[in-house]
Structures are given as structure tokens and as C-alpha cells.
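Can you make the complete structure from the sequences, with help from the hints?
So the protein lines, in turn, are chains A and B. Just so we're aligned, residue 1 is where the first sequence starts under the numbering used here, counting upward by one. Just so we're aligned, residue 103 is where the second sequence starts under the numbering used here, counting upward by one.
Accuracy of the hints is not assured; some may be wrong.
As the list claims (entries may be wrong) - Keeping only pairs whose Cα atoms sit at most 16 Å apart, straight-line, the calculated EDC-like set for lysine to aspartate or glutamate is:
hint, chain 1, residue 1, chain 2, residue 2
1, B, K168, A, D67
2, B, K114, B, E306
3, B, K222, A, E65
4, B, K168, A, E21
5, B, K222, B, E306
6, B, K114, B, E138
7, B, K222, A, D67
8, B, K222, A, E62
9, B, K168, A, E65
10, B, K168, A, E22
No lab work stands behind these hints: they were computed from the structure. Predicted model only: the values in this text are computed from it and were never measured.
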Amino acid sequence: MLITREQILAVICDCVRRLGEEVGSDVLARPGEDTPLMGENSGVDSIALVSLIVEIESRLSEEFEMDLVLADDRAMSSARSPFRRVGILTDHVLELVRERSE
Amino acid sequence: MRKTLLITGSRKGLGRFLAESFLDRGWRVWGCSRSEPGWARDGYRHFSCDVADSGAVRSMVRQAEKESGGLYALVNNAGIASMNAMLLTPSATARRIMETNALGTFNLMQEVAKGMCRRKEGRVVNVSSIAAALDLEGEALYAASKSAVESLTRVAAREFGGHGVTVNAVGPTAIDTDLVRGVPDEKLRQLMERQAIPRAGQPEDLLNAVEFFLRPESDFISGQVLYLGGVT
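Below you can see the structure in the form of C-alpha cells.
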């Protein structure tokens, strides 16, 4: 099953949108490639980020029947976190999908 | 609607006893062990899974979540023991005990709590042991692994508490199963004398404590380690 970047981005944006509605954040409620997911201005605290990652993993599993671990050793030890922005996270997931498909 | 429980180490001993007890009480029960269980009942689903293998645990839990519609409770019962003086404990044995008992508990909690936290509801009970409380000689790695289980219990209680998930532990006394079969009778007698209630533990004693923690009314109890036999 070929999974496109657009499909991954759609899943991530939907999860971020739901989080935005939950926490009452206008920025998160209208997510895009540049929407920050970390940092003071993101509106996403550490607990919310954990929940978001878990939610995205679950949605990816449901929609694409692919069990991915987004917070793997590489992501957690990376000098630049793949969870900084929606677009960067999308690229990270796409990379994981490609590795799984090889 | 029937609640679903996942219990590890359900092939025999206390794990099987707990699994069958909860089936008797109308629960749906998912169980796991490294090999096939050799028993079956309506309402029981078994997985072959080594709890120390995080990938295998992830696959099992995701399948269990899909098939069950959501796990309400987890009992981390799977555990191994080996009586050795510290000076004579092989490193492979030491590693295996820590991986199964402590890391296995962590792996299960990590995967199962994902769904529980999303649903804002769940119960986790980890099986510890009085070996941790009493620092039993000859059980260094077993006691250390159960101390790790207790610490994981307390931290998990804090991390999951805001999501409606309670995490507690039960520390049984020696109960007559394969786990204690190799322990000399004299040692068991000495151990019993260190209990406030000096009798042999029964599987029903463990069931009683696990049931208490799983009750809906126990939603304000978390991060606790309950030792049986009056051990403190």
C-alpha cells in the first residue's frame, strides 16, 4: 500500500486539530506545515505532546495498518527533534514508512 | 458491557488462576505467555508473546485493542525467579530476570496505557513480591526486579493519573506455584515467621487484592504497593 506524504500530513493535521479544540488553541485548531508542536508559543505542553504522538501512532495504525513508533531511539536522541513542527513530523513519519516498506 | 482484562503469564500458576477467576466473574480475558497455554475457555483469548520483547508486546497489545474494542485492565503477572547467592548468579540469569520482570512490566504498561489514557479510563495492577520488602537473601535479582516494578508503579501512577488510569502493585507472600517449588521448606517456614499473619498465602489472597484495585470504586487509589501477609 503506497502511502503519500499528503495522506500522512492529513492524519497529523487532524490529530493536531482535535488537540487544538481540546485545549482551546486557535493555532492548533487550524494546523499547517509550519504549526509548531514544541516550545512556548506552540500551546503544546509535554503531556499534550505525548498524547498527540500516541494519537498519531494510533491513527496511522488504523488507517494504514502500519504500526510505527514515532518516538524511537533515533527521534529521541536527535539533536533536532522531529516533533518541532507539523511539516517536520510529517517528513519523519514518511521516512519511517519508507524504511518499513524496504 | 463486559470489561476486558489483559493478564500476562497466564499459562499456569497464579496467572491462570487469576485469568479463570475473572472469566468466572464475567470478564473477557486476554492472556499471554511465551508458549501455548494448554487450556482454553469461552471468553479467553491467548497470545504467544515474550513480555521482554517490546516489538512483540506492541503487536500483541495493538491486536488486543482492535479485537476487544479497548482494554480496561492490565495485570502484569508474568515473572521468573532464580534462587542464587549473589556471588554465584550467572550474568545471563541476572539479565533474564530483569528483562522479564521489570522491562516486561514496563513494555506492557507503555503499550496498554496508550489506549487507556486516550479513553481516560483504565486499571493497571503489577505483581511485585514480599521479596522486595524483605530484601530476601538468595533472591537479589528477583527482589531488585520487583523493586523496579514498584518504582515503575509509582511513576506510572503519576504520569497516568490525570488520564483516569490507576496503577498499583500487589506483593504476594510465597504461594504454592512453580515459582517457589525449588525453595526449601525450612526457608519458606522462616519466611512465614516474618509475616504479621504467619500462614501460607493462597491464590485467593492475591485475587482479593487485584479485584480491589480493579473495582470502579477504586478510582482514587493509585501508586500503592499492597503486601500480603501483613508484611511492611
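Failing hints, ascending? Failing hints, ascending: 3, 4, 5, 7, 8 and 10.
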